Amino acid sequence: MNFQEILEKIKTKHEVLESKEDLGVLNAYIATAKIAAVAAFMKDELKFEQLNFITAVDFPANNAIEVVYHFFSYETADSVVLRIKLDRAKAEVPTISGVFKTADWHEREASEMFGIKFSGHPDLNRLLLPDGIESPLRKDYKNPDMTPLPKA
Amino acid sequence: MGLMNGIDEKLVRKIPGAPVVLASAEWAINAGRSNSIWTLTFGLRCCAMEMMATGAAKYDWARFGFEVPAASPRRADLMIVAGTITTKMAPLVKRLYEQMAEPKYVIAMGACAISGGPFIYDSYSVVRGADKVIPVDIYIPGCPPRPEALLDGMIKLQEKIMKQKLTKAAS
Ligand code: SF4
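Residue numbers (the numbering used here), protein chains in the order written: chain L, 1 to 152; chain P, 153 to 323.
In isolation and in its complexed conformation, chain P is listed as follows (with noise of 0.2 Å):
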């Protein structure tokens, strides 16, 4: 998908009378990770549905680079917090995502992942927010948001990993 997107003209220099593209390692390594996100198998809540959704063949995902969704969150690099974070359960989300390997993104999905939504008042029980319990990459409005929205903030996710450096900015 990376090469059908076209390579920035920048990044490309062409040899002379050889068939040889040559581009930069951080462009490549940034397209190969962008375009094979495995997603981690975990929904929350309601939202969960709109995410399966989102993998089946009607939307379907793969067609973006996220292929398969992984069972175990050590093979996986996306974490989509599809629904509502509980008290009881922030600890174990705490858990799966320190579990998955680098680099690893996050994808708060829904008005529940990024607020607590319909919660936000009198519950005694939702946390306000994943990012209360993990860091967030990208947050996606609504309720649930439609597969298109999922689509829209995957997609979103793949241009944020190609504006990714190789080397650490100086502190």
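Bound conformation, chain L alone (with noise of 0.2 Å):
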């Protein structure tokens, strides 16, 4: 499937905000309350089976955290990116564990790296940061250890 066909099919059932193509793959912006819908749709209908990763990016100039979920389908060996675009100040996001249980961990991560709450979670501790470190991975985040380098 080429990523225009795999957009069609998703927009058969669920709403798609915005959607553009990186090295040929899909990346779609979808409604942050239809997440767990989505990723079940996903799985269930276009045997998108395998969750590779979740993780975050963190967008100051924009004042928004986009969740990133890339999902990798084995009969038909694709990749689609599905996006989330989040507040910065109030980054919530419903959890998807239930129908990826890989989704978990992956989940706690982006959790503690980017101080974003999956609402749902079963458990949302710490992955493997210790105590102290809050969301290192924002942009403005400030640590007296870091010398920034020299502007070259």
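Don't read these hints as lab results, they were simulated from the structure. All of these numbers come straight from a predicted model, not from anything done at the bench. Yeah, the Cβ is synthetic: ideal placement off N, Cα and C, and Gly gets one too. You may find that some hints are simply not true.
Unchecked claim - The list that follows gives simulated cross-link-like pairs (lysine to any residue, SDA-like), each with its CA atoms no further than 20 Å apart:
id: 1; chain 1: P; residue 1: 320; chain 2: L; residue 2: 115
id: 2; chain 1: L; residue 1: 142; chain 2: P; residue 2: 239
id: 3; chain 1: L; residue 1: 139; chain 2: P; residue 2: 277
id: 4; chain 1: P; residue 1: 210; chain 2: P; residue 2: 220
id: 5; chain 1: L; residue 1: 142; chain 2: P; residue 2: 270
id: 6; chain 1: L; residue 1: 139; chain 2: L; residue 2: 52
id: 7; chain 1: P; residue 1: 240; chain 2: L; residue 2: 132
id: 8; chain 1: P; residue 1: 240; chain 2: L; residue 2: 60
Said to hold, decoys possible - Computed spacing ranges between beta-carbons, pair by pair:
id: 9; chain 1: P; residue 1: 320; chain 2: L; residue 2: 89; range: 52 to 62 Å
id: 10; chain 1: L; residue 1: 142; chain 2: P; residue 2: 177; range: 19 to 29 Å
id: 11; chain 1: L; residue 1: 102; chain 2: P; residue 2: 240; range: 19 to 29 Å
Reconstruct the complex from the two isolated chains, following the hints.
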């Protein structure tokens, strides 16, 4: 399937806010509240059975954090990326760990790294970071040990 | 090894007519210590690979009196901090150091253990050098240092031990 066909298939059931092609892979923006339903749709009907990873990207200039879900299909060897835009101050998104078990730890990691709350998550503790380091991958994170590289 | 390296003339007095060699207790104790150093089996990151290579057959630190790696800190004399210390690992490194019995020595191996190395600028999770956590005797630069460099550092440590005094300097 090319990315246009996948986009059409998603659009038959769910609303896509925005979409773009990136390196031949479909990037579809969907509404925050819909993520669990869309993930289940991807898994059960489009046969994207593998959730490769969940991560996030911080865009302080737009006051947005994007949560990124990367799906892969063993049947057609296609990849799809779903994206969700969140407000930086109030980053909260429903968990999809009920759909994909693997999302559990990925969400914990994204949560400790970006300070995103995955509501409904069974156990949103820290995964790897020790106490005292809060959301280090946000662009405005400050740490007394960090001496920024001198500008060339 | 210590005897094969030769005993300093100053330390030896030969008693005429008898095959007796006298040396100072300080020399004997230091020679014993520096030639039976057990290293703690303990590696933190990529530098640990070179440390293992140094202990294995090709470089073989046992040739210089480092013998066996000790699998417990209570039997170890030397901690080679081979790699990056993260903030999460730092308390455990300190605990291992505290569990070692005196006399104990620490080698900081590689850029990470010296200063944070490649992580010195923007890392949120790396301790900037082993000496922020525990006292360090020898620093070995490199990323990673070659086994020859580690061996050189370990031999420098032996030289340092040979200079130890039995008595404390009056303060
Ligand atoms: S100094 Fe280099 S080789 Fe050694 S642990 Fe650090 S990054 Fe790895």
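Structure-based check of all given hints:
Between residue 320(P) and residue 115(L), the direct Cα distance comes to roughly 53 Å. Violation of the 20 Å bound is thereby established for this hinted pair. At most 20 Å may separate the alpha-carbon atoms for a hinted pair to count; residue 142(L) and residue 239(P) meet this at roughly 16 Å. Restraint check: the Cα-Cα separation between residue 139(L) and residue 277(P) comes to about 15 Å, which is no more than 20 Å; the hinted pair holds. Distance hint between residue 210(P) and residue 220(P) is fulfilled; the C-alpha atoms sit about 15 Å from each other, no more than 20 Å.
A threshold of 20 Å between alpha carbons decides the hint, and for residue 142(L) with residue 270(P) the separation of about 19 Å falls inside it, so the pair holds. At roughly 24 Å between alpha-carbon atoms, residue 139(L) and residue 52(L) are farther apart than 20 Å, so this suggested pair is violated. Straight-line distance between C-alpha atoms of residue 240(P) and residue 132(L) comes to about 10 Å, which keeps the hinted pair within the 20 Å bound. With a CA separation close to 28 Å, the supplied pair residue 240(P) and residue 60(L) exceeds the 20 Å bound.
In this structure the hint that residue 320(P) and residue 89(L) lie 52 to 62 Å apart at CB holds, the actual value being about 60 Å. Separation of residue 142(L) from residue 177(P) is about 56 Å and departs from the stated range, judged on CB atoms against 19 to 29 Å. At about 23 Å, the CB distance of residue 102(L) to residue 240(P) agrees with the hint of 19 to 29 Å.
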